[in-house]
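Using the sequences and the hints given, assemble the complete structure.
These protein sequence lines are chains A and B, in that order. Here the working numbering is used: the first residue of the first sequence is 1, the next is one more, and so on. Here the working numbering is used: the first residue of the second sequence is 1, the next is one more, and so on.
None of these hints come from the bench; they were simulated from the model. Positions of the beta carbon are idealized from the N, C-alpha and C atoms, including for glycine. Incorrect hints may appear among the rest.
The calculated DSS-like cross-link candidates involving lysine-lysine, where the alpha carbons are at most 27 Å apart (straight line), are [claimed, not checked]: (1) A:Lys-88 to B:Lys-47; (2) A:Lys-88 to B:Lys-46; (3) B:Lys-46 to B:Lys-100; (4) A:Lys-90 to B:Lys-138.
So the derived label-pair ranges between C-beta atoms look like this [as the list claims (entries may be wrong)]: (5) A:Ser-99 to B:Asp-39: 38 to 48 Å; (6) B:Glu-25 to A:Lys-94: 41 to 51 Å; (7) B:Ala-146 to A:Thr-128: 52 to 62 Å; (8) A:Gln-211 to B:Leu-101: 52 to 62 Å; (9) B:Ala-163 to A:Ser-32: 49 to 59 Å.
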Amino acid sequence: MTLKRALGALAVLIVLWLLLPTLVIIPMSFNSAASFNFPPKGFSLQWYENFFTDPSWLRALGSSLQVALVTMVVATSLGIMAAIGLSKVKFRGKALLESYFLTPLIVPGIVIAIGLYSLFLRFNLLGTLPGFVLAHTVVALPLVIINVTASLQGVDPRLEQASATLGAGRLRTFFSITLPLIMPGVTAGALFAFVTSFDEIILSLFIQSPQLQTLPVKIYNSVTQASDPTVAAVAVIAMLTSVLVMLTAQFATRKRKRVSA
Amino acid sequence: MRPETSPSALDQNERELRQLHLNTEIISVINDAGISLRDVTKRYGKKAVVDAINLVIEPGEFMTFLGPSGSGKTTTLNMIAGFVSATEGLLHIYGKPVAKLPAHKRDIGMVFQNYALFPHKTVAENIAYPLDRRKIAKAEQKTMIAGALDMVRMGEFGDRYPAELSGGQQQRVALARALVYKPRVLLMDEPLGALDKKLREWLQKEIKRIHREVGSTFVYVTHDQEEALSLSDRIAVFNNGRIEQVGSPAELYQRPETLFVGRFLGESTVLSGSLVNTVGGTSTLDVSGHAIRVPGEKNSTSLAILIRPENITLCAEGTESESSDVNTLPVTVLDANYLGSAWRCEVQLPDGSTGTVREAHSAGVREPGTRAVMRWNVDSGVLLEDTGEEGVSLT
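Right under this line is the structure:
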């Protein structure tokens with residue numbers, strides 16, 4: 001009984017430990033003093049006001065949303081095709097190819113960042129929208145592939161054969177049968193791709209230019225260069241966006257499980 | 001609904017066939033057949049899973065591919081469907097060469113063992129799917145869907161999702177979906193394999209009735225010999241990638257051409273022996289020292305006689321026949337079961353193997369261990385080459 005209680009207390013401690021750094025930012029964002037000192041003094045909405053009135057912050061938010069949306073579309077389209085391709089073929093070394101697609105999840109971000117930096121320098125992609133999208137797609141693609149592959153495993157291959165005998169070509173079968181059935185995985189993958197891009201900092205730091213900065217890059221620059229408490233408000237807004245998207249992804253995944261059960 | 005092949009296209013087919021140096025007789029067989037397979041082979045690597053099969057399925061016929069798993073029957077069906085491409089050979093459906101035609105252009109229907117209904121569509125939407133592909137107006141679709149559902153007696157279930165139906169109901173919907181556009185060929189891959197015995201027997205009757213109603217060519221794959229016997233116009237028995245024999249259920253049962261076919265269909269008693277002589281179309285074999293007569297002759301050293309259990313009677317010891325029309329063989333009763341309509345006895349043959357006897361009225365010789373005499377008319381034995389194959393039982 002005492003052991004059970006001790007374990008319960010430990011669990012609560014771990015949960016607090018995981019959550020506190022995230023939660024502490026919320027009171028900080030309402031700080032009336034212009035400092036990062038904890039606990040905050042007084043209550044004020046000035047940092048939120050600052051964020052929504054400063055064009056450079058809004059531009060960064062706009063860039064982040066733009067990059068994240070395009071990355072989501074590109075990574076999801078490519079990821080669906082890769083997952084379907086992998087599910088259809090059988091050849092020696094297929095497992096190798098599968099893990100190859102997932103390497104961006106394992107290789108340290110800094111390694112990819114340095115590699116991309118030298119490539120983008122050569123091809124003039126630094127500080128451009130295509131550059132950001134290309135870079136973010138590298139890390140978002142594996143998440144789409146994982147989710148879509150999981151969904152595809154629940155789809156009976158006989159359904160595609162049945163669709164063919166009923167007179168549907170491959171493209172028609174994909175859009176009428178396969179895609180609706182893997183939609184939960186596609187949705188989850190797309191949202192993961194969005195969040196990954198929206199939160200991405202390592203690659204973005206290397207690709208950024210003064211003209212094009214995503215929100216995390218701007219936050220980083222503000223903290224390291226100017227120590228502007230506006231970042232607390234920005235961080236809360238960014239966190240809320242991510243949490244909302246992830247909750248949607250969770251919901252989509254749960255729905256998928258119910259269908260396959 | 002049924003696009004007739006245009007005359008010019010047929011001419012072209014014929015020209016292509018002539019180029020293959022086929023004579024006109026074979027060409028006309030191909031053109032008149034519902035489905036024609038000529039020397040169709042499927043190899044994976046060096047292994048031929050289907051080995052130079054020749055088969056002509058008549059239009060409107062109910063043809064069953066029967067065989068153990070791995071015999072090539074499903075691969076052959078998949079080649080007709082277009083899921084598997086033949087390595088060699090000519091494949092024609094209603095005179096049209098289809099070897100290079102993708103599955104969705106073959107205008108066939110197919111029913112799968114696991115039903116393969118689209119889970120995200122209702123029953124009515126499932127049946128509308130092939131009609132949408134054929135660009136049929138919605139109003140017309142409605143009557144066609146209602147007709148198809150009525151045919152399988154599922155009229156009330158149009159708004160249900162497949163997950164809300166039982167296995168038997170799902171398979172009836174799958175049948176409706178595969179037949180609603182009136183394909184000339186319906187392929188069925190062990191459609192009743194996942195259902196329990198009672199439902200299976202009832203659906204067999206339904207499938208037979210539907211076959212009579214629609215008149216399409218049905219090709220049915222099963223490993224269940226009882227199912228094959230009760231459903232089919234003709235059965236093709238597959239073994240090791242080849243067709244052992246094609247014939248009506250009665251032909252296959254009464255006059256099997258190979259030991260494999262005889263053993264695979266129904267119960268049988270098989271006597272192995274060596275040829276003594278052949279006189280006037282009747283051969284005499286030495287079966288464990290007993291002279292056994294059987295109609296026919298075969299040029300082989302190791303022969304076998306196959307007798308169906310209902311053609312054999314068991315008599316008390318000492319009633320050996322002297323008549324030249326009746327064979328007798330001493331046996332030992334191993335077991336006897338009362339089936340209601342008959343007694344089924346297992347007996348030990350002189351060479352130690354087991355035989356089966358089925359008698360409507362038992363003469364009373366059925367105590368296990370009793371020595372008895374097995375009697376049967378010479379005419380009811382079938383002379384076969386003894387390929388040494390063990391019986392395959394899959395019931």
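For the pair Gln-211 of chain A and Leu-101 of chain B, does the Cβ-Cβ distance stay inside 52 to 62 Å?
Given range 52 to 62 Å: holds, Cβ gap about 57 Å.
Given a hinted range of 52 to 62 Å, is it respected by the beta-carbon distance of Ala-146 of chain B and Thr-128 of chain A?
Holds, since Ala-146 of chain B and Thr-128 of chain A (Cβ atoms, about 59 Å apart) stay within the stated range.
Between Lys-88 of chain A and Lys-47 of chain B, does the CA-CA distance stay at or below 27 Å?
23 Å, holds
Holds or violated: Lys-88 of chain A and Lys-46 of chain B, Cα atoms, limit 27 Å.
23 Å, holds
Check whether the Cα positions of Lys-46 of chain B and Lys-100 of chain B lie no farther apart than 27 Å.
Between Lys-46 of chain B and Lys-100 of chain B the Cα gap is close to 22 Å, so the pair holds against 27 Å.
Lys-90 of chain A and Lys-138 of chain B were given as a pair; does the straight-line alpha-carbon distance stay at or below 27 Å?
41 Å, violated
Is the hinted range of 38 to 48 Å satisfied by the C-beta distance from Ser-99 of chain A to Asp-39 of chain B?
Holds, at about 44 Å.
Between Glu-25 of chain B and Lys-94 of chain A, does the beta-carbon spacing fit 41 to 51 Å?
49 Å, holds
Range first: 49 to 59 Å. Now tell me if the beta carbons of Ala-163 of chain B and Ser-32 of chain A are that far apart.
58 Å, holds
Of the hints listed earlier, the one the structure fails to meet is number 4.
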